[in-house]
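**Q** Since chain A is already given, all that's left is putting chain B on it; use the hints.
Chains as they are written, first to last, in the working numbering: chain A, 1 to 341; chain B, 1 to 341.
Everything labelled a hint here was simulated from the structure, so no lab data went into it.
Treat the hints with care, as some may be off.
For chains that are exact copies, the list does not tell them apart, and a pair is met inside one copy or across any two.
In silico BS3-like pairs for lysine-lysine, Cα to Cα no more than 25 angstroms straight-line [as the list claims (entries may be wrong)]:
#, residue 1, residue 2
1, LYS6, LYS312
2, LYS337, LYS93
3, LYS271, LYS165
4, LYS195, LYS93
5, LYS312, LYS165
6, LYS6, LYS182
7, LYS253, LYS71
8, LYS271, LYS196
9, LYS6, LYS93
10, LYS6, LYS209
11, LYS50, LYS195
12, LYS271, LYS337
13, LYS195, LYS6
Computed from a prediction, not measured in an experiment: that's the story for all the values here.
Protein chains: 2
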Amino acid sequence: MPELRKDPVIGRWVIISTERAKRPHDFVTKNEEAESSQDDCPFCEGKEDKTPLEITALRDAESSSNGPGWKVRVVPSLAPLLQIEGDMGRRGKGMYDLMNGIGAHEIIIDTPEHIANIANLEEEQIARVFGVYTKRMEDLKGDDRIKYVLIFKNHGIIAGASSIKHSRTQLIAMPVNPRRVKEELIGARRYYEYKKRCIFCDMIQQEIKTNARIIAREGGFIALTPFASRFPFEIMVLPEEHSCDFYQLKNTKGLAKVMRSVLKKLSIGLKNPPYNYIIHTAPFRRMASAGYWKTIDQDYHWHIEIMPRLTKMAGFEWGSGFYINPTSPEAAADYLKGVEI
Amino acid sequence: MPELRKDPVIGRWVIISTERAKRPHDFVTKNEEAESSQDDCPFCEGKEDKTPLEITALRDAESSSNGPGWKVRVVPSLAPLLQIEGDMGRRGKGMYDLMNGIGAHEIIIDTPEHIANIANLEEEQIARVFGVYTKRMEDLKGDDRIKYVLIFKNHGIIAGASSIKHSRTQLIAMPVNPRRVKEELIGARRYYEYKKRCIFCDMIQQEIKTNARIIAREGGFIALTPFASRFPFEIMVLPEEHSCDFYQLKNTKGLAKVMRSVLKKLSIGLKNPPYNYIIHTAPFRRMASAGYWKTIDQDYHWHIEIMPRLTKMAGFEWGSGFYINPTSPEAAADYLKGVEI
Chain A
1 MPELRKDPVI
11 GRWVIISTER
21 AKRPHDFVTK
31 NEEAESSQDD
41 CPFCEGKEDK
51 TPLEITALRD
61 AESSSNGPGW
71 KVRVVPSLAP
81 LLQIEGDMGR
91 RGKGMYDLMN
101 GIGAHEIIID
111 TPEHIANIAN
121 LEEEQIARVF
131 GVYTKRMEDL
141 KGDDRIKYVL
151 IFKNHGIIAG
161 ASSIKHSRTQ
171 LIAMPVNPRR
181 VKEELIGARR
191 YYEYKKRCIF
201 CDMIQQEIKT
211 NARIIAREGG
221 FIALTPFASR
231 FPFEIMVLPE
241 EHSCDFYQLK
251 NTKGLAKVMR
261 SVLKKLSIGL
271 KNPPYNYIIH
281 TAPFRRMASA
291 GYWKTIDQDY
301 HWHIEIMPRL
311 TKMAGFEWGS
321 GFYINPTSPE
331 AAADYLKGVE
341 I
Chain B
1 MPELRKDPVI
11 GRWVIISTER
21 AKRPHDFVTK
31 NEEAESSQDD
41 CPFCEGKEDK
51 TPLEITALRD
61 AESSSNGPGW
71 KVRVVPSLAP
81 LLQIEGDMGR
91 RGKGMYDLMN
101 GIGAHEIIID
111 TPEHIANIAN
121 LEEEQIARVF
131 GVYTKRMEDL
141 KGDDRIKYVL
151 IFKNHGIIAG
161 ASSIKHSRTQ
171 LIAMPVNPRR
181 VKEELIGARR
191 YYEYKKRCIF
201 CDMIQQEIKT
211 NARIIAREGG
221 FIALTPFASR
231 FPFEIMVLPE
241 EHSCDFYQLK
251 NTKGLAKVMR
261 SVLKKLSIGL
271 KNPPYNYIIH
281 TAPFRRMASA
291 GYWKTIDQDY
301 HWHIEIMPRL
311 TKMAGFEWGS
321 GFYINPTSPE
331 AAADYLKGVE
341 I
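Isolated chain A, as found in the complex (with noise of 0.2 angstroms):
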């Protein structure tokens, strides 16, 4: 069972995931593994036994689960962080606290095709897989254990993907919440305390107002460089309309098409570089008397953040928290925005 750890000074969780376990002569030679060819892919349609059975599936009607005929398929993964069986464990050891690894890990094969980049798929397809990922969240919400979903993507090596160069999301269903988030909910409710606005929906106001940073706005949505960009060309898309849970999402489509755009003017820009994203969504309220939470629904927007890996991250940047960036927000977006796609 892996294990969740928390950090005694500064409340972080971790995951001491013991199911891939490395031991430390695995470190010690370096291979890069070498690149799959499309045969082994397990990710393709046609080769639904390669990997554990189906969780769900967008499939055609006359299809049959864990065969062909399918647009977007959601399995296992092989190396779960985190397993659904068993109970929270909370426990303390001495001073410190910690829980079983309770919780799913999910693999969302965004495409039957062998494409690499989601930027390279239709629209709409782009749009079903969306669709997928509110209805996954939905579907965990009613796990009491679970607090957070965390939907993201690894394109390229250096981004953390495999060598399998088949598109597809990864889903970790948490019963913590992420670090970051909490920031985020900490910093968004104070400014929503004191000046009874979103602090997000400010953010897009100045923004469309100065317009110094704005890639992209399409089907409803802003794609944006942050004012205080940690990395070279990290992007922040956001709906322009307020909304506090992305498994709310009705408009698949828009958000397709403004994903879309950015990641193809990334890929086109910046040569293909790696980048990740993530959804940024309120945790569960479940707690929810109606009254209370149509206030609270108030102070967070939901949001994807995008990170291309161009640099390398010197490790103070880690340790302190403290980043530095060598190309500034505006001519990131200047340049965003003048890529033809």
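**A** Chain B alone, transformed into the frame defined by chain A:
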């Protein structure tokens, strides 16, 4: 003038470093830097004219500034991230906050010889280097604009070092506190207020009792793998006796002893991996009315964080603040403890 920008939601400061600006096309082709030969090294003894004028140096009595005859030498960075002249210029820009990039960026040259890894210096020389760290911190404390002095080392290209393989340390003196330091201070103070004990001192006691994560105890210092390590072989080195401020360190020999052991074990056991280390110390506390700070100084405990760069960091870890560590801290400590140096 570089700019310091504050993230409006979570309050993290970022340097937008216009001095070493990268334009978009700089990212398009990514050639690795060529290895430089020793002949080109501007940090070797005898090449003093290849660096800016020295700020200070540990010198032989008969030697003169900016010439040979030194043991440790401090020079301004050629590509400074912050600059010392000017005022803070704190200001708003709509809802955003920013200030001028005031501060200092210095390079501490660890040795006159062309040696890449500080682990390969004599213990006595490493002690001199740490002595210079404390002196630079104490000196910069005299500048009221400086709140924090960040001292860190990048070893190996992957860890952010340049291609010049001559051991040196970076110092960034900042007008704001790094986010991570703030978080540690808040966490440690909360514990102190509740228990009236230092959380780090308690941790040291528990680690000694458990004896499952200790790599070395030498010269008054303890080196261990933290209970909730984020990365394989993450290491923390702490003075066993309570101390809040690194710059008050007198026992540089003891620190040199333990750091040399640990870095040598890393280098031998994991075949010279890239690594970073960072000194975590309390921010300058100048407003001190003696009695007040006497209590307050009990809550923080300086330490050094060593981060070997063994795994690719998945982007979601940056983006979520949620880490997955495939090696248990106990296995890592056990392995390093056994490496003969």
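**Q** Hints first: check each against the structure and report whether it holds.
**A** Hints, verified against the model:
1. LYS6 <-> LYS312: between (28 angstroms within a copy, 22 angstroms between copies)
2. LYS337 <-> LYS93: Cα proximity of LYS337 and LYS93: across copies only (23 angstroms, versus 53 angstroms in one copy).
3. LYS271 <-> LYS165: So LYS271 and LYS165 pass the 25 angstroms test inside one copy only (16 angstroms; across, 30 angstroms).
4. LYS195 <-> LYS93: between (42 angstroms within a copy, 17 angstroms between copies)
5. LYS312 <-> LYS165: both (22 angstroms within a copy, 17 angstroms between copies)
6. LYS6 <-> LYS182: Classified as both: same-chain Cα gap 14 angstroms, cross-chain 18 angstroms, threshold 25 angstroms.
7. LYS253 <-> LYS71: Within one copy only: 16 angstroms inside a chain, 64 angstroms across chains, cut-off 25 angstroms.
8. LYS271 <-> LYS196: neither (43 angstroms within a copy, 56 angstroms between copies)
9. LYS6 <-> LYS93: within (11 angstroms within a copy, 38 angstroms between copies)
10. LYS6 <-> LYS209: Classified as between: cross-chain Cα gap 19 angstroms, same-chain 42 angstroms, threshold 25 angstroms.
11. LYS50 <-> LYS195: Cα proximity of LYS50 and LYS195: none, with 53 angstroms in one copy and 54 angstroms across.
12. LYS271 <-> LYS337: Classified as within; 15 angstroms inside a copy, 45 angstroms across copies.
13. LYS195 <-> LYS6: between (33 angstroms within a copy, 19 angstroms between copies)
Going through the hint list in order, the structure does not satisfy hints 8, 11.
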